[in-house]
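As you go down the protein sequences, you meet chains A and B in turn. Sequential numbering of the first sequence, starting at 1, is according to my numbering. Sequential numbering of the second sequence, starting at 1001, is according to my numbering.
Just so you know, these hints were derived from the structure itself, not from any lab. One thing to keep in mind: the hints can contain errors.
Pairwise CB distance ranges (calculated) [what the hints assert, rightly or not]:
{"hint": "1", "chain 1": "B", "residue 1": "Ala1172", "chain 2": "A", "residue 2": "Ala173", "range": "47 to 53 Å"}
{"hint": "2", "chain 1": "B", "residue 1": "Ser1183", "chain 2": "A", "residue 2": "Glu344", "range": "36 to 42 Å"}
{"hint": "3", "chain 1": "A", "residue 1": "Tyr62", "chain 2": "B", "residue 2": "Pro1135", "range": "33 to 39 Å"}
{"hint": "4", "chain 1": "A", "residue 1": "Glu301", "chain 2": "B", "residue 2": "Gln1004", "range": "46 to 52 Å"}
{"hint": "5", "chain 1": "A", "residue 1": "Leu23", "chain 2": "B", "residue 2": "Asp1010", "range": "55 to 61 Å"}
{"hint": "6", "chain 1": "A", "residue 1": "Phe336", "chain 2": "B", "residue 2": "Gln1175", "range": "38 to 44 Å"}
{"hint": "7", "chain 1": "A", "residue 1": "Asp60", "chain 2": "B", "residue 2": "Ile1125", "range": "33 to 39 Å"}
{"hint": "8", "chain 1": "B", "residue 1": "Asn1063", "chain 2": "A", "residue 2": "Leu23", "range": "35 to 41 Å"}
{"hint": "9", "chain 1": "B", "residue 1": "Asn1063", "chain 2": "A", "residue 2": "Val122", "range": "51 to 57 Å"}
{"hint": "10", "chain 1": "B", "residue 1": "Thr1047", "chain 2": "A", "residue 2": "Val122", "range": "56 to 62 Å"}
{"hint": "11", "chain 1": "B", "residue 1": "Asp1029", "chain 2": "A", "residue 2": "Glu25", "range": "37 to 43 Å"}
{"hint": "12", "chain 1": "B", "residue 1": "Gln1132", "chain 2": "A", "residue 2": "Ala329", "range": "54 to 60 Å"}
In the BS3-like style, the derived pairs of lysine-lysine whose C-alpha atoms are separated by at most 27 Å in a straight line are [what the hints assert, rightly or not]:
{"hint": "13", "chain 1": "B", "residue 1": "Lys1037", "chain 2": "A", "residue 2": "Lys70"}
{"hint": "14", "chain 1": "A", "residue 1": "Lys130", "chain 2": "A", "residue 2": "Lys171"}
{"hint": "15", "chain 1": "A", "residue 1": "Lys126", "chain 2": "A", "residue 2": "Lys235"}
{"hint": "16", "chain 1": "A", "residue 1": "Lys70", "chain 2": "B", "residue 2": "Lys1065"}
{"hint": "17", "chain 1": "B", "residue 1": "Lys1013", "chain 2": "A", "residue 2": "Lys68"}
Predicted model, so just to flag it, every value in this text is computed and none were measured. We put the beta carbon where it would ideally sit given N, CA and C, even for glycine.
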Amino acid sequence: MHEQRIVELITRKIAGEATAEELGELSYLLTKSPDAVYYEALLEQVWELGRKEEKPNLDDVYNKHKLKYKEELNFTSNPKSKITLLKRPAFVLTVMASIVLLITTHFVKNYIPSNKEERIEVIAGKGIRKEFTLPDGTIVQLNSDSRISYNSDMLDRRQRDVSLTGEAFFKVAHDKIHPFIVKTSKVAIKVLGTEFNIRDYPEDEESETTLIKGSVELTVNGRTHQKFILKPSEKFAMVKKNQIPGSEKSSSVLTIENISSVKFGGNEYIEEISWTENKFVFQNESFEELLPRLERWYNVEIVLKDPKIRSYRFTGIFINENIIQALEAMQLIKSFNYKLTENEVRIY
Amino acid sequence: MKQQFQNLPDIVKRIAFTNSEQAYREMFDLLYLPVKKFSFCILRSNTEAEEVSEDVMITLWKNRKTLPEIENVHVYALVIAKNLSLNLLRKNSKNKTSSIDEVDMSFFFDSSSPEQIIIDNELKIRLENAIQSLPPKCQFVFKLAKENNLSYKEIAEILSISVKTVDAHLVAATQKLAKIFKSEFQIK
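Only chain B is shown next, with the shape it has when bound in the complex (with noise of 0.2 Å):
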């Protein structure tokens, strides 16, 4: 489990046993805007995202007391999002899309930090191209590594697929980011 949901097992107790609204609280704070982000990959629209995410914190509140049997509940919580989002998705759409492979994915470089000063705007444009050139389930792979800081086991829970399936999409996604920097600075 990474650093920033450690607290999550107390919390997830506490609203079990107390159904303590500070408890609550903490969990949305930690929750909210990671499954919001999430769902909004899968459904590209704010509003919808956020619709799905109110949802996931009710689900898990209306399920509170099996909460604390649930080894990882961030991951329980993506499931659950990835689950509502591809049913909106379909009851949305006249192409019946209800799978990650048809799902449009676009701004993978998408911030602007300071710090950056090997990776100019225009090169991220050329690796922004490179990621939206490999089939949509690599994508989404790489988008969840990268900023959901998910583990290869949790990733291939999200989205039932197996964790080498996980490896072999990451790296593939890398192989192409190299094969530019390659070109760019003209590594031996």
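Chain A with its partners taken away, still in its complex shape (with noise of 0.2 Å):
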């Protein structure tokens, strides 16, 4: 699927042209098509064809050289030149110019701690669910297809500071000192001590944070001076809608709102956060709506192109259910029909 611009992305690192980026890109894209791992090993022996390490003694050739060019080739080797060689002030300028570099270098690489951060990234691939703790204590549970990354020195620093794509639910650790900051593409967070749930997914149109426990303050990327103060069973969304035409804004609309929970067969479910649980809940949403979150639950391709269809309702909960028992449920409510094929499922 992602095939070329996986090769195209292989082509930098093996070249050694590949930013910080790439890499990062390439990492996940391998995630998603993880045979093409098969073109970065045979793309890197091609490069090795070819590449003989012989140091043949070049001294008959050297010397045939030094021959053919005698004339041009008017060396000065007496011992007289070594004492000019000192006095020429170029050279001691170079000299007395290596040694403070070297002074230096041997200062700075033994004295100076040595700061030496890496980027710590998580990811999740689609249909998996991760859970972990990141090193100041926080607990993370990464959803499907999601990725999150930090820097190994993150306790050293004045915040604690974590990127996120895709869907995550933090149990932050208290830390009044250091506030805990999740950025994604659209959103920062920040937080003192909190449970709280982001999903940011680069298809989605929309970007929420359901807060659970505690407090936390958001701003909206590229909208600073906003902000927002959610209070526990608040949700925050925004919603990117289409560019207006002629102008180079496109506009978002934000809304908190509060959560209330899925009734369902006596039980009570918090949609936003019962993926942590395995389940996966819905309430009274389109199936346009729920295409991309079963795609990721399922980790399949769905094709649906019937608008009828697409404006149907649903509300549900699947604890184990697989893809065709899901739809199969789903097809009690309202008709639709369906097909499985290798690589999708096609929606009629």
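Both chains are given apart, each in its own frame, so use the hints to dock them into the complex.
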């Protein structure tokens, strides 16, 4: 699927010309198309072909060369030149400069602590959910097709920074002195100690932040003067509307609303974070809205073109159903057909 | 600058200030073969490539006083080699070949080292043909990047094209190879 782009990025990597961003994009794409690692191995082999490391002796060649150009090659190699060598101001200056440089490098290397900060990245592939702990004790649950990155020296800094693409649920470790900040492509969330969920997939038009416990301060990237404070059970959603023709700006609609639980079969579920308990919950959502979530949850591609079917609304919860069982359950509510092929699900 | 040429600036300074034979020999050891290989790409003749390479070395010696001012002597040497080779080509051939586009390039994968378990000879031939089906400039960029270990910027300078073009050529070449790998190894 991403083959062309992957090969393009591998080329730059092997040539030593890939930027850090491109390397990151490459490792991300490789998680989506795991077979493509073969391209990297094979292209690297190709690169090695014809790379003989031989260092043949050029004595004969050189001597022939010296003889041929005897006139032009007027070397000076008598001892006298050694003294004049030292007297040459330019040479002396170069030597002094090198000595100073040598001392400085030695000093820097040995007395200044090496600032080797590494960017650590945790990736959850499609259909996979991961839970892990950050160096500061914050527990993170990463949803399918999501990626989180942070600096290895996170604890040494003034604030705890984390970048997120996709969806994650955070249980942030309390630390009043060091605010915990999550950055996505659209928003930045600053917290002190709290539990919240962020959903911001690049393909989605909307980004959602849901607060369960504690409090957060949210700012929209590019509009940092406007701060939103969320209280527990509040949800901040940002939907990007289409660009107004003729203008540079695209408008977004920002809403803060209360989250309400979905009551189903005698139990209550909070839709926004049910995925952390491996439950897929949806309430009165159109098929169109559900498509990306279904695709991620079951790791399939879904093709649904019929506008009427796209507008069908569903309320429900999937716990252990596979994609077929899920579709058949949905068919009980609204009538449609589906066909499963090797690569995709067609709904018509 | 690549690892192997990191001593070059110092060597060049020594030649400029002291006319030292030892320094010249060191530069010779570093540049003679890469320049010869590069010229061979254009001239397809061993003797002519040697001739050009020696010419380049002497030119560097003659300009030794100004060499320290040049940022990348390795690239500079290859640019001289390119010009000398094209001149020689034009002199020799009846077709007045004088541009890289008309140069015939073959043998991109011509070494056989025992570690190549995955890529066997038959596959090598197919890969070879694939590269040869590309436009000449594309082939040249591929060969330079692969064998001479040159950066995009250096290749661009030597061939007088933009860095973006270098990238485009290289990616075009690897896309061709990837296609063959895909069918050969059934990569999804």
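Verification of the supplied hints:
For alanine 1172 of chain B and alanine 173 of chain A, the hinted distance range of 47 to 53 Å is satisfied, since their beta carbons lie about 50 Å from each other. Between serine 1183 of chain B and glutamate 344 of chain A, the C-beta spacing of about 23 Å breaks the proposed range 36 to 42 Å. For tyrosine 62 of chain A and proline 1135 of chain B, the Cβ-Cβ distance of about 38 Å falls inside the hinted range of 33 to 39 Å, so the restraint holds. In this structure the hint that glutamate 301 of chain A and glutamine 1004 of chain B lie 46 to 52 Å apart at CB holds, the actual value being about 48 Å.
Distance hint check: the CB atoms of leucine 23 of chain A and aspartate 1010 of chain B are about 32 Å apart, inconsistent with the given range 55 to 61 Å. At roughly 40 Å, the beta-carbon separation of phenylalanine 336 of chain A and glutamine 1175 of chain B lies within the given 38 to 44 Å, and the hint holds. For aspartate 60 of chain A paired with isoleucine 1125 of chain B, a C-beta distance near 35 Å keeps the hint of 33 to 39 Å intact. Between asparagine 1063 of chain B and leucine 23 of chain A the Cβ separation comes to about 40 Å, which falls inside the hinted range of 35 to 41 Å.
Between asparagine 1063 of chain B and valine 122 of chain A the C-beta distance comes to about 55 Å, which sits within the given range of 51 to 57 Å. At roughly 59 Å, the beta carbons of threonine 1047 of chain B and valine 122 of chain A sit within the given window of 56 to 62 Å. About 41 Å separates the C-beta atoms of aspartate 1029 of chain B and glutamate 25 of chain A, a value consistent with the hinted range of 37 to 43 Å. Checked against the hint of 54 to 60 Å, the pair glutamine 1132 of chain B and alanine 329 of chain A passes, with Cβ atoms roughly 57 Å apart.
This hinted pair checks out: lysine 1037 of chain B and lysine 70 of chain A have alpha carbons roughly 25 Å apart, not beyond 27 Å. In summary, the hint linking lysine 130 of chain A to lysine 171 of chain A is supported, as the alpha carbons are separated by about 14 Å, within the 27 Å threshold. Only pairs whose Cα atoms come within 27 Å are accepted, and lysine 126 of chain A paired with lysine 235 of chain A is accepted, the gap being roughly 25 Å. Our distance criterion of 27 Å between C-alpha atoms is met by lysine 70 of chain A and lysine 1065 of chain B, whose separation comes to about 19 Å.
Proposed proximity of lysine 1013 of chain B and lysine 68 of chain A is supported: the alpha carbons are some 24 Å apart, at most 27 Å.
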